[in-house]
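Using the sequences and the hints given, assemble the complete structure.
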Amino acid sequence: MAGQGMLTRDELEHLIRHGEIDTVLMVFPDLQGRLVGKRTTGRFFLQSVADAGTENCDYLIACDMDNNPVPGYRFTSYEQGYGDMLAKADWNTVRLIPWVEKTAMIMCDLLDVDSGNLVEVAPRSILQAQVDAAAAMGFLPMVASEIEFYLFKDTYDEAHEKGYRNLQPHSPWLEDYHILQTTKDEYILGAIRRNLEAAGVPVEFSKGEAGKGQHEINLDYTTAVEMADRNSVYKLAAKEIAHFNGRSVSFMAKYDFNDTGSSCHIHSSLWTLDGQTAVFDDHHGPHGMSETFQHYLAGQIATAREFSLLWAPTINSYKRFQLGSWAPTGVGWGIDNRTLGFRKVGHGKGTRVECRIPGSDANSYFAFAGTLAGGLYGIKHKLPLGEAFMGNGYDAPDIPRIPWNIVDAINLWEGSTIAREAFGEEVHHHILTMAKAEWEAFNHTVTDWELRRYWERI
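First residue of the sequence shown: 828, per this note's numbering; consecutive thereafter.
No lab work stands behind these hints: they were computed from the structure. Each hint should be verified, as a subset may be incorrect.
Computed cross-link-like contacts, DSBU-like style, restricted to lysine-lysine with a CA-CA straight-line distance of at most 30 Å [stated by the list, open to error]: (1) 1263 x 1066; (2) 1034 x 1062; (3) 915 x 980; (4) 915 x 929.
If you're wondering where the values come from, they're calculated on a predicted model, not measured in any experiment.
Below, the structure is given as structure tokens:
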């Protein structure tokens, strides 16, 4: 018997045969972390998909935000014919989707149709490779993340018709921890929490955040790939439940420059492979930190600038990094200090590091992979951890800065020997191509700001 909201294969097949499930979503994350795939009928799923999987065009992990195929990828192209890849069910991920009638979902791994090997550049494969690297060193990574979003009174269609301007946030004031205002929002937030729980995504809590209409939902910590899967389900649920209620949500990192950005803070720790012993806690160490933890955190700091594309993948991501904005501008670390890129938190088994750099627009599979790869690099090379910064990190001139824009991030990633070694040449090139395509798309756009600034007065 699976946990709440989760199903075994036998349970799913039983529900299909008894008419309680008639649609199975066979899904996988694209480069943006969005779930893509097919809705199969229950009958066809049992007959043809459960064992064999389903084939999907390989361009799905070589597209931009608009789902347009992008030239320059080695994995696939027009020259290679944009063939198929096989999506095979991961039977540990079968879950109910209670907000959509008679629907279940299965996360899929992507395989080469001919060889049956995992597609190396698929987001889920990229994260799994880092989990495997940790296991080879004797560690089980555990992860939790805190993803924020904005809730609007506009529908998605209305927001589109307005050009995403002059939208009406669900709250007229900042609602950080505010109970009265979040009660007004509860018909949406409560529905999201309850449906996530019923879909096998355990929720700790929701709370108002520091923007007008901004919220955060925190999920229980778990293993890295499962956490990334849950984040994808969470984002999908929030959008679909808002849509069904005539509202909309946005996971943009910075939808309005004058309002607080939305983050995806990542909490991570390492455990023994049996999941029984936390290896970060040492009450004899500085600030209760074991040597392994110190090396892990030092590695994340050392690689943060070079890996920033994994945490901040869009043009908009970098507008979140502003002084005094609750988003960090430097990659230093401190003890329970929210002005820095890394924050040591927790006690005992709960000792962990919070990476505050990622925005809510991050692809969780890439963001977690970068977090683990940086930490493992620090452990392998026994990197020393500098002293914790005390005070306001925004005023610290000696702390290395997070890249100010995607061009700087692209250049750092492109020149990173550490990234090539950690992820392999093919994955490194795939992510580089993705980022360059984002920058090129922006360069082919005349923005509202340019028109207002130059049209008449230049």
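So, going through the hints one by one against the coordinates:
For the proposed pair residue 1263 and residue 1066, the alpha carbon gap of about 28 Å is at most 30 Å, so the pair holds. With a CA separation close to 16 Å, the supplied pair residue 1034 and residue 1062 stays within the 30 Å bound. A threshold of 30 Å between alpha carbons decides the hint, and for residue 915 with residue 980 the separation of about 39 Å lies outside it, so the pair is violated. The hinted pair formed by residue 915 and residue 929 meets the criterion: a straight-line CA distance of about 21 Å does not exceed 30 Å.
Hint violations for this structure: number 3 only, all remaining hints satisfied.
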